[in-house]
Amino acid sequence: AQSVTQPDIHITVSEGASLELRCNYSYGATPYLFWYVQSPGQGLQLLLKYFSGDTLVQGIKGFEAEFKRSQSSFNLRKPSVHWSDAAEYFCAVGLSNFGNEKLTFGTGTRLTIIP
Amino acid sequence: DSGVTQTPKHLITATGQRVTLRCSPRSGDLSVYWYQQSLDQGLQFLIQYYNGEERAKGNILERFSAQQFPDLHSELNLSSLELGDSALYFCASSLGGEQYFGPGTRLTVT
Numbered sequence: 001a002q003s004v005t006q007p008d009i010h011i012t013v014s015e016g017a018s019l020e021l022r023c024n025y026s027y028g029a030t031p032y033l034f035w036y037v038q039s040p041g042q043g044l045q046l047l048l049k050y051f052s053g054d055t056l057v058q059g060i061k062g063f064e065a066e067f068k069r070s071q072s073s074f075n076l077r078k079p080s081v082h083w084s085d086a087a088e089y090f091c092a093v094g095l096s097n098f099g100n101e102k103l104t105f106g107t108g109t110r111l112t113i114i115p
Numbered sequence: 001d002s003g004v005t006q007t008p009k010h011l012i013t014a015t016g017q018r019v020t021l022r023c024s025p026r027s028g029d030l031s032v033y034w035y036q037q038s039l040d041q042g043l044q045f046l047i048q049y050y051n052g053e054e055r056a057k058g059n060i061l062e063r064f065s066a067q068q069f070p071d072l073h074s075e076l077n078l079s080s081l082e083l084g085d086s087a088l089y090f091c092a093s094s095l096g097g098e099q100y101f102g103p104g105t106r107l108t109v110t
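Protein chains in written order, with this note's numbering: chain A, 1 to 115; chain B, 1 to 110.
In case anyone wonders, no lab produced these hints; they're calculated from the structure.
A virtual CB, placed ideally from N, CA and C, is assigned to each residue, including glycine.
Mixed in with the good hints there might be a few duds.
As the list claims (entries may be wrong) - No farther apart than 30 Å at their CA atoms in a straight line, the calculated lysine-lysine pairs in the DSBU-like style are these: (1) K57/B to K49/A; (2) K9/B to K61/A; (3) K57/B to K61/A; (4) K68/A to K49/A; (5) K57/B to K9/B; (6) K49/A to K61/A.
What the hints assert, rightly or not - If you only want the chain B side, here are some residues facing chain A, beta carbon under 7 Å, derived: (7) A14; (8) G42; (9) F45; (10) A56; (11) N59; (12) I60; (13) E82; (14) F101; (15) P103; (16) G104.
With the hints as constraints, model all of the structure from the sequences given.
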């Protein structure tokens, strides 16, 4: 069964600083990988996805992530964070079978931005 | 706005009761997924329907059931509610690949 590990429960960064959120996955086949963001009291918004091809994927809000098969990682990065980026971030892995792509989520990383 | 709608937004009910949560997927999406988000369990997949048929089951209790109707909307039925069922319940839809999530229904069991 697939699993996702987000080793950092809580990260605090200064506004304008760079950000990297870590995600490691365990899956026997080629995974579909996702990053979602959840603001307090809100649903999950898709930031970006990796299915195949270029291992560096660009998403919304200036985020990017890099798929590294050798490290089973899919880390999320942003060069300069804004106060509005404060939220909870979830990494997820999905099955690569069309019609059945249930997601397995990590436990999330809470991002706090300080002025 | 993801295009996925869920009703109601909030639900407060007593132990032992039964509730129904409703989800309308994005236009054109055939798959509907239900997830439960709680503090102790995190985000857990419950069940998936694809074009009216059950496709996959996750950690869904026997007291919970779901269905997808011909117009593709879905309902999640929770019965014999317990305090531990208090959680945020999300619906997501997809055509294949990425899933788009609704705003969720916050269920409080008292």
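Structure-based check of each hint:
no.	hint	verdict
1	K57/B to K49/A	23 Å, holds
2	K9/B to K61/A	27 Å, holds
3	K57/B to K61/A	33 Å, violated
4	K68/A to K49/A	14 Å, holds
5	K57/B to K9/B	24 Å, holds
6	K49/A to K61/A	14 Å, holds
7	A14	24 Å, violated
8	G42	5 Å, holds
9	F45	5 Å, holds
10	A56	5 Å, holds
11	N59	11 Å, violated
12	I60	11 Å, violated
13	E82	23 Å, violated
14	F101	4 Å, holds
15	P103	4 Å, holds
16	G104	5 Å, holds
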